[in-house]
Amino acid sequence: MENHLDLMFQELEKDKKTAMIPFLPAGWPELDSTTKIVDAAVRGGANAVELGWAFSDPLGDGPVNQVAYNRAIRNGSSGSSILQNVSEIRNKHSRLPIIVMGYANPLLSYGVEKWASDAKAAGVDGLICVDLPPQEAIEISGVLKQSNIHPIFLLAPTSTDERIELIASYGTGMIYCVSVVGITGARRALSSELPEFIKRVKEKTNVPLAVGFGISDADHVVSVGNIAEAAVVGSAFVEAISNAQDNDYEAAAEKFITALVNGG
Amino acid sequence: MTESKIESSVRAGYFGSFGGQYVPETLMPALQQLESAYREAMADKSFLADVDNLLRDYVGRPTPLTFAERLSETLDTTIYLKREDLCHTGAHKINAVLAQALLAKRMGKKRVIAETGAGQHGVATATACALLDLDCVVYMGEVDMARQALNVFKMKVLGAEVIGVSAGSQTLKDATSEAIRDWVTTVRDTYYIIGSAIGPHPYPTMVRDLQGVIGREARSQIIDIHGKLPSVVMACVGGGSNAIGMFHAFLDDQVRLIGVEAAGLGLHSANAATLSLGRPGVLHGTLSYLLQDANGQVSPVHSVSAGLDYPGVGPEHAWLKVSEKAEYYSATDAEALEAFQELSRLEGIIPALEPSHALGALKRLRSENEIVSSDVVVVNVSGRGDKDMATVAEELAGLSS
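Chains as they are written, first to last, in our numbering: chain Z, 1 to 264; chain A, 1 to 401.
No wet-lab data here; the hints were simulated from the structure. Incorrect hints may have been included.
Coverage of chain Z stretches by chain A, computed from C-beta distances (three or more under 8 Å per stretch; other residues unrestricted) [what the hints assert, rightly or not]: (1) 160-169; (2) 179-188; (3) 223-229.
These numbers come from a predicted model, not from an experiment. Virtual Cβ for every residue (Gly too), placed ideally from N, Cα, C.
Using the sequences and the accompanying hints, generate a full structural model.
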């Protein structure tokens, strides 16, 4: 069985296009918002989606995502409600790559093998765990791969060649390259060290690279497109939805993604 | 656990199945760099001499082991107190901070960050940074800043910047998260001095080694004074730095090691009794016991003591618990407050609220004959009570009204 993420990158490579991947905390702003916002983002031109699995203590996240995660938890978002969201999205979008992004503890609490099996049934294509570097995820990666779910690891500008090689040997589907030395949050400019960092990673692996953290406008997306296969937009997307007029989250989401994809 | 070649070469810092490095990738190179710098420093005689000199001439080590005659009479057993309350800055925290501040300088880092709950670790870090001319930023929950206002002021006097954390429960857990976020952003020029034996490898091992001076001294002192080893060693456990420092020298002895957590308002109410009530989970970079809900969200905790008000615990304690090398009990706010007053009145020693929990549990265990008349008990008085006077005054007024 092919993984939707692999298919997406194969197709986009033919068309010489960069994947646009919005990040959305699941169960936020309302518990039942997720599927509708994903629909809107796809209408706007999203090629895949990253659903955030809320955690009470997200130490890789800035204030925007912290606030959203807290609200999602209060709304009742949980490991199982996220997989329900995934099932709903999968019913409407049979080919859309769906990635879950979260932290180690909710995953361990759910049970890795149970999660992999439930996530496969729901239609998840990849998992990113912010605080699960590959040396702590060796068994987990194996379990995920058996369920046709890519274990997606992060790299940062501080990563040594040794770490890049380690992640290139364990990560599949894509590698998430953190654009800055820092936590999530929209930034005005992309880091000047990003091209050099991506070049170092490209020398070690052919796995598609997604660049995220700080991506907030169409120029950033174009710059990322010149060096990597995907751009992930997180906090800026979350902020756009937070600021939606009359709480019309779908309109705000579609408008924001359209502007990013079509160059403003 | 499967042991592949790569696993054994890169998976570091486990105590049994607890510990590890559950951190964002951004920090991994810094943790590896820290581990090798620490190893090199600990093999360098001049570095060790610098640490020893500071511990002797600046901290005032060795701290005494005091026979608590009147408390022993009252509880009908033999009790010795390890006097970490007499350390410069008022608690054991400085033992691990000075060596790490020296290490920060050795690594060429100019900025130091720390988190603090009760403020003792923050004061110790601010002190070391003043002494060694390092920039110092301390993260502290706003609830803790209110209940430990004296320590906030001390840190400022010492030249540190104190940043209030308004997220979550506004206590030690949130201060730690915020310090880690700072470090993820500033890792290239900043050294993070974690205040307890928690966090990703190498911190739990490093803090235990540096706090190990407590147990090494106590072991040789009790043999000198009493002529033999104690039968029981007790210490309070929040993250567990004073306890692990105390326990380690006794691990190969026939000595009961007893850690005491904060039961807060009771084990069926708001508390911070992680090892008693938690289950394994990941928080702040380490896999250990954790107070969490069914969905893996970290639970809110409560203790009258800001230093024990933490939902996690150091991974080595989790290992000592499951391997039955140490026992863990808890004491409530009320038991700690009673023990606080008792030690003050009987021995003229005002303990911090944290070790008051160990003393409170001692009293209860003695009354239940879990500890007997013929026992010889060493209790680590990890800090002095000056910082807690306002809290205690408020709590006692509440009890009598």
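These are the hints, each one checked on the structure:
{"no.": "1", "hint": "160-169", "result": "holds (count 5)"}
{"no.": "2", "hint": "179-188", "result": "holds (count 3)"}
{"no.": "3", "hint": "223-229", "result": "violated (count 0)"}
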